[in-house]
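Colleague: Chains as they are written, first to last, in this note's numbering: chain A, 1 to 264; chain B, 1 to 147.
FYI, nobody ran anything at the bench for these hints, they're computed from the structure.
The beta-carbon is built from N, C-alpha and C at its ideal position, and this holds for glycine as well.
Watch out, some of these pointers could steer you wrong.
[Stated by the list, open to error] Covered by chain B, according to a simulated footprint, are these stretches of chain A (three or more residues, beta-carbon under 8 Å):
id	segment
1	225-235
2	241-251
[Unchecked claim] Using C-beta positions, here's what the derived DEER-type ranges look like:
id	chain 1	residue 1	chain 2	residue 2	range
3	B	G85	A	E230	52 to 60 Å
4	B	I30	A	G89	29 to 37 Å
5	A	F130	B	F69	52 to 60 Å
6	A	R134	B	V33	32 to 40 Å
7	B	R100	A	G89	41 to 49 Å
8	A	S68	B	I30	54 to 62 Å
9	A	H77	B	G99	25 to 33 Å
10	A	E230	B	A55	43 to 51 Å
11	B	L76	A	H77	34 to 42 Å
12	A	D32	B	L34	40 to 48 Å
13	B	L43	A	D45	56 to 64 Å
14	B	L76	A	D36	53 to 61 Å
[Said to hold, decoys possible] Calculated lysine-lysine pairs in the BS3-like style (CA-CA distance at most 30 Å, straight line):
id	chain 1	residue 1	chain 2	residue 2
15	A	K100	A	K60
16	A	K165	B	K103
17	A	K114	A	K240
18	A	K100	A	K120
19	A	K165	A	K106
20	A	K114	B	K64
21	A	K253	B	K103
22	B	K64	A	K240
23	A	K106	A	K120
24	B	K22	A	K258
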Amino acid sequence: MAESAVLEGASAPADEAPIESFTVTLIIRRFDSEFDDEPRWVDYDVELFATDRILDALHKIKWEQDGSLSFRRSCAHGVCGSDAMRINGRNRLACKTLIKDLDISKPIYVEAIKGLPLEKDLIVDMEPFFASYREVQPFLQASGKPEKERIQSVAQRERFDDTTKCILCAACTSSCPVFWTDGQYFGPAAIVNAHRFIFDSRDEAAQVRLDILNDKEGVWRCRTTFNCSEACPRGIEVTKAIAEVKAAVLRGKPDVPKSDLVSA
Amino acid sequence: MTATIPAPRSSSSRPRKVNWEKWGWLYMRISGVLLLVLVFGHLFVNLVAGDGVHAIDFAFVAGKWADPFWVVWDTLMLWLALIHGANGMRTLTNDYARGRLRKVLLGAILVSTIVLILLGSLVIFTFDPCIGAAQGGDLAQFCTAKG
Ligand code: SF4
Ligand code: FES
Numbered sequence: 001m002a003e004s005a006v007l008e009g010a011s012a013p014a015d016e017a018p019i020e021s022f023t024v025t026l027i028i029r030r031f032d033s034e035f036d037d038e039p040r041w042v043d044y045d046v047e048l049f050a051t052d053r054i055l056d057a058l059h060k061i062k063w064e065q066d067g068s069l070s071f072r073r074s075c076a077h078g079v080c081g082s083d084a085m086r087i088n089g090r091n092r093l094a095c096k097t098l099i100k101d102l103d104i105s106k107p108i109y110v111e112a113i114k115g116l117p118l119e120k121d122l123i124v125d126m127e128p129f130f131a132s133y134r135e136v137q138p139f140l141q142a143s144g145k146p147e148k149e150r151i152q153s154v155a156q157r158e159r160f161d162d163t164t165k166c167i168l169c170a171a172c173t174s175s176c177p178v179f180w181t182d183g184q185y186f187g188p189a190a191i192v193n194a195h196r197f198i199f200d201s202r203d204e205a206a207q208v209r210l211d212i213l214n215d216k217e218g219v220w221r222c223r224t225t226f227n228c229s230e231a232c233p234r235g236i237e238v239t240k241a242i243a244e245v246k247a248a249v250l251r252g253k254p255d256v257p258k259s260d261l262v263s264a
Numbered sequence: 001m002t003a004t005i006p007a008p009r010s011s012s013s014r015p016r017k018v019n020w021e022k023w024g025w026l027y028m029r030i031s032g033v034l035l036l037v038l039v040f041g042h043l044f045v046n047l048v049a050g051d052g053v054h055a056i057d058f059a060f061v062a063g064k065w066a067d068p069f070w071v072v073w074d075t076l077m078l079w080l081a082l083i084h085g086a087n088g089m090r091t092l093t094n095d096y097a098r099g100r101l102r103k104v105l106l107g108a109i110l111v112s113t114i115v116l117i118l119l120g121s122l123v124i125f126t127f128d129p130c131i132g133a134a135q136g137g138d139l140a141q142f143c144t145a146k147g
């Protein structure tokens, strides 16, 4: 634990070792279009345990200090993808960022993700993000009606496994410098979700998606900055997925493993 | 009654046209690899091999360009590097400049690249080692000997 942090909890029962808690300073970039012309940084001091997360800190502020603080969250366990924000300059999920992993001898800066229109405090308008997600047709397109299921080999399933993990939190897209400056770029998340279906052996519309991503700006805007891979809370190798889509566009088709199943 | 819904963005409706961004991307990778060899080869031969940097004078250049190998090498390096650099500047401009400024910058990059490539090529291909030989230039003896 950081030595310089204030130690509290001395009044806990003597027989049990007291759980240390710390006073942590959060500096949050607040914005309310009704009152503010420009976003402003506001400090909050919160009592936290090492095992608390930034989301707990935000809850404490909202519930105990300032009820007007606005942010999105739903599952609180890294599943729904609603609470991506910029914590100390890095895109993280508030519900997956533990206090013990941050340097609490200094204030922690929390702000909304960049590149999307700021609505209020930590909330941004996600519509441009979802619009480019919809552009790549992120749904299975297969003809024919199989008796039971569309069979796939283990290797074929493995091919796109990484990109199935996306929770559409926008941490990657809003960490991308190309996305910040160019509203036309699809952004990493859309390409990840296109990858999910392009490399799915059951899908038949890979060509359409590759065409969409080969549109003028398309996938070629990517500069391999690796910000997206660094930001992804699901550990998806985003830049690699984008590179695979680029290779598929160049080759004209994705390299999906051949089925090794013996058809009955 | 069944209605047929046309597939969204079906590929037939989009005419396939050349995507310059794609070829630009590919060009950057290929020229990048070639330039690695060309540039470091160039640096080694000019600055390290033999007498190193002290060997460079008019005669050194003339000697190199008497060999078609170096003419091809330098021409390739000139074209590849300038286009590679210009394309990089173009992408940067597209990233950070908008509207009129972007147009002006892109135009400036295009013009300066063309001028530099033409000038460079002109020098390589019209190079005359005997220039100024009459006035007793570096290669005066060699040139007068040749006739
Ligand atoms: S790829 Fe990762 S960072 Fe990007 S939206 Fe999906 S889960 Fe979030
Ligand atoms: S609240 Fe659902 S991912 Fe953080």
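Colleague: Run every hint past the structure and note whether it holds.
Modeller: Comparing the hints with the structure gives:
1. 225-235: Violated - the segment 225-235 of chain A has 0 residues with a Cβ nearer than 8 Å to chain B, which falls short of three.
2. 241-251: Coverage by chain B holds here, the residue count being 3 at a Cβ distance below 8 Å.
3. B:G85 / A:E230: 52 to 60 Å: 28 Å, violated
4. B:I30 / A:G89: 29 to 37 Å: 36 Å, holds
5. A:F130 / B:F69: 52 to 60 Å: 57 Å, holds
6. A:R134 / B:V33: 32 to 40 Å: With a Cβ separation near 37 Å, A:R134 and B:V33 satisfy 32 to 40 Å, so the hint holds.
7. B:R100 / A:G89: 41 to 49 Å: Violated: the Cβ-Cβ distance is about 33 Å, outside 41 to 49 Å.
8. A:S68 / B:I30: 54 to 62 Å: 56 Å, holds
9. A:H77 / B:G99: 25 to 33 Å: About 45 Å separates the Cβ atoms of A:H77 and B:G99, which means 25 to 33 Å is violated.
10. A:E230 / B:A55: 43 to 51 Å: 47 Å, holds
11. B:L76 / A:H77: 34 to 42 Å: 57 Å, violated
12. A:D32 / B:L34: 40 to 48 Å: Once the Cβ atoms are compared, 55 Å apart, the range 40 to 48 Å for B:L34 and A:D32 is violated.
13. B:L43 / A:D45: 56 to 64 Å: 58 Å, holds
14. B:L76 / A:D36: 53 to 61 Å: 57 Å, holds
15. A:K100 / A:K60: 17 Å, holds
16. A:K165 / B:K103: Violated - the C-alpha atoms of B:K103 and A:K165 are around 41 Å apart, more than 30 Å.
17. A:K114 / A:K240: Satisfied, since the Cα-Cα distance of roughly 23 Å is no more than 30 Å.
18. A:K100 / A:K120: Within the cut-off at roughly 28 Å; holds.
19. A:K165 / A:K106: Violated. A:K165 to A:K106 sits at ~33 Å, over the 30 Å cutoff.
20. A:K114 / B:K64: Violated: A:K114 and B:K64 sit about 54 Å apart, past 30 Å.
21. A:K253 / B:K103: 35 Å, violated
22. B:K64 / A:K240: 44 Å, violated
23. A:K106 / A:K120: 25 Å, holds
24. B:K22 / A:K258: 27 Å, holds
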